[in-house]
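Asker: The listed protein sequences correspond, in order, to chains A and B.
So the mapping is simple: my numbering equals the position in the first sequence, first residue as 1, plus 907.
So the mapping is simple: my numbering equals the position in the second sequence, first residue as 1, plus 907.
Please note that a few of the clues may not be correct.
Copies of the same chain look alike in the list, so a pair counts if it works inside one copy or between any two.
What the hints assert, rightly or not - The calculated BS3-like cross-link candidates involving lysine-lysine, where the alpha carbons are at most 30 Å apart (straight line), are:
id, residue 1, residue 2
1, Lys1216, Lys951
2, Lys1132, Lys994
3, Lys1216, Lys1132
4, Lys1050, Lys1061
5, Lys1130, Lys994
6, Lys983, Lys951
7, Lys1216, Lys1050
8, Lys1216, Lys983
9, Lys1130, Lys1050
10, Lys994, Lys983
11, Lys1130, Lys1216
12, Lys983, Lys1050
13, Lys1061, Lys1216
14, Lys1130, Lys983
None of these hints come from the bench; they were simulated from the model.
These figures come from a predicted structure and were not determined experimentally.
There are 2 protein chains.
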Amino acid sequence: MNLRIPGPTPVPTEVAEAGAAEMINHRGPEFAELIARTTDGVRKVFQTENDILTLTASGTGGMEAAVSCHVNPGEKVLIATVGVFGKRFVDITRAYGGEPVELAFEFGTSADPNRIDQALDENPDIRTLLVTHNETSTGVTNKQLPQIAEVARKHDCLIIVDAISSLSSIPVPVDEWGLDVVVSGSQKGWMTGPGLVFVSCSARAWEKQAHTTTPRFYLDLQKHKDYLENGQTPATPAVNLFFQLDRALGMMFEEGIDNIYDRHRTLAQMTRDGVRGLGLDLFAEEGSESDTVTAIRVPDDVDGIEMLKVAREEFGAVFAGGQGPMRGQIIRFGHLGYVTEEHVRDGLRSLEATLERVGHAVPNRA
Amino acid sequence: MNLRIPGPTPVPTEVAEAGAAEMINHRGPEFAELIARTTDGVRKVFQTENDILTLTASGTGGMEAAVSCHVNPGEKVLIATVGVFGKRFVDITRAYGGEPVELAFEFGTSADPNRIDQALDENPDIRTLLVTHNETSTGVTNKQLPQIAEVARKHDCLIIVDAISSLSSIPVPVDEWGLDVVVSGSQKGWMTGPGLVFVSCSARAWEKQAHTTTPRFYLDLQKHKDYLENGQTPATPAVNLFFQLDRALGMMFEEGIDNIYDRHRTLAQMTRDGVRGLGLDLFAEEGSESDTVTAIRVPDDVDGIEMLKVAREEFGAVFAGGQGPMRGQIIRFGHLGYVTEEHVRDGLRSLEATLERVGHAVPNRA
């Protein structure tokens, strides 16, 4: 199968096999060396001097840690949303008793720093801004994240960023952009199975945490920091996934992080060109298209759910459908992590064959 | 290395390799089949008709789910503790705004149903009882759990049980004993890597959940139940660990669950006999010894921390030390999951060699 969803992404054989290594004591010296090495590696990719905590949870668990550790009960926070995962920040904030002020940008578009600036002007009591960097549900990257971070700083706001599906595939220089809390997930560009989530915290973030009373235990970041000093995690970590991550980081540094960014840029462009060549429209507005996932509008004469089924069963390509209000409306083509030109070319061929199979006229590509 | 800690336990090669299978879509039909199969298997081992939810988290995450989904802010709950993990229930309850009434039994002893009965008599407003079945930190099993459950029922209390390190190795017939919420962890008797935790919920538990306002999101059990109806999990699950679990369950049913219980009973007895044969004392009082982990008192003339180091570095046996107040005072010898007579015999030999190496006189065993 050509797994072309935006995560979990294909795990290279050598990474998957590294995960099958003999089990070790999570409170012993081997694990201490392992987590020290993976934490250093992850920190390099985050381009930060901040603390990096690795939690045994999926991306959503990392988002919850970011909220429950930094947002007080009754605290108003601004959440700039451009899709389903932005709205997940809203739901988590509400679940934990925060008061989300949602600044919703239309699905398919990206967040406008000027409108965020204005919203913060109108809500001078807000001190926390949450934003998605790469919105997996719409194929949009908030490319003006550096400007958004400047706006946050101007208003003395902590900025919390969901970079789950971008960081490691698209540059997110955490310190250069001044991002306080950043979340990324193992099952995306990191070429590792799902179940680990990375969270970076700035000095400002730790300061805020010390004054946050929201309940938390398993996902508490301070506890992870305390245990990390002894090469441990508060509870038993997913050791096999640490084994995988260790090997995956090795592969990433062998390839070179800048080469990884180039590869993702090139393959994303190839995907977009190929999709347009099939006469299809992109869901993301021009200039906001993500380099990790391409959202494709399903043509009016085609059933989007049926397309996914045909692509998988007849042509061996696994795409993702639309989530929430976009169900049946879009198809999402992932091109992140362990992905090559051949994977993309195969994916495009399967897409074309699927369109023909469901009776949609594909333009002659001469 | 002979990994003789009470979890994570050794993962059989075929299980570890099953975890390296090709990644799949967590929202596709393959995963739906996989989680249906593992859920059925886990339910059989739980001996229950109740719902089984599988969370991507370690055991502590499952304990937190049990608390945050069932204990309201300000609600008084009785927690019968016999060690560090019982006290973790107290900490989690407190973190989430509940009011724990701790009934602490001395470390090394087990919980007395009569004293629980009395405590519930004295606190007629309590409607929730939390208890550890197998206390990994002291090597004690609360063998009177069925009687404790009866007491809970008599007082119209929901009973929440941490069976993380027992269920699958020691019989815990959930329905027969009438346990409302039961937690068990993949890295214990299940022969699977750490990162999955199973929680069973009775009808009474769901009823209580519907009226619990404590904040929760990632670990919310109702959300897991809703998604499971479509063969999914709310967030991306640790797919590789589901692959492992699937194979491990296959091995467990091949061996036969009753044979697994017998094996654990026999190997635990062999461990205890061997330890006593070395002139060492058990930490658990007679009759309360666990069949998954044996806690051994460190002789007065020996440094317990040094013993662990020598056993590992010179004799290839990895034991666990004491936690909290028991640090340096005990050594814990795990015998659960993928464990054979040879593993136990090797462990005992390493223990003897370690004692001799650190200068402790071992009695002549004629």
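Asker: All hints are to be evaluated individually against the structure, with a verdict given for each.
Answerer: Checked hints:
1. Lys1216 - Lys951: neither (40 Å within a copy, 33 Å between copies)
2. Lys1132 - Lys994: both (28 Å within a copy, 21 Å between copies)
3. Lys1216 - Lys1132: between (44 Å within a copy, 25 Å between copies)
4. Lys1050 - Lys1061: For Lys1050 and Lys1061, only the intra-copy Cα distance (19 Å) is at most 30 Å; the inter-copy one is 61 Å.
5. Lys1130 - Lys994: both (27 Å within a copy, 16 Å between copies)
6. Lys983 - Lys951: neither (33 Å within a copy, 47 Å between copies)
7. Lys1216 - Lys1050: The answer is neither: 33 Å in one copy and 51 Å across copies each exceed 30 Å.
8. Lys1216 - Lys983: neither (43 Å within a copy, 51 Å between copies)
9. Lys1130 - Lys1050: neither (33 Å within a copy, 33 Å between copies)
10. Lys994 - Lys983: Classified as within; 15 Å inside a copy, 34 Å across copies.
11. Lys1130 - Lys1216: The answer is between: 26 Å across copies meets 30 Å, while 44 Å in one copy does not.
12. Lys983 - Lys1050: within (25 Å within a copy, 49 Å between copies)
13. Lys1061 - Lys1216: Classified as neither: same-chain Cα gap 48 Å, cross-chain 53 Å, threshold 30 Å.
14. Lys1130 - Lys983: both (25 Å within a copy, 26 Å between copies)
Checked against the numbered hints above, the structure violates hints 1, 6, 7, 8, 9, 13; every other hint is satisfied.
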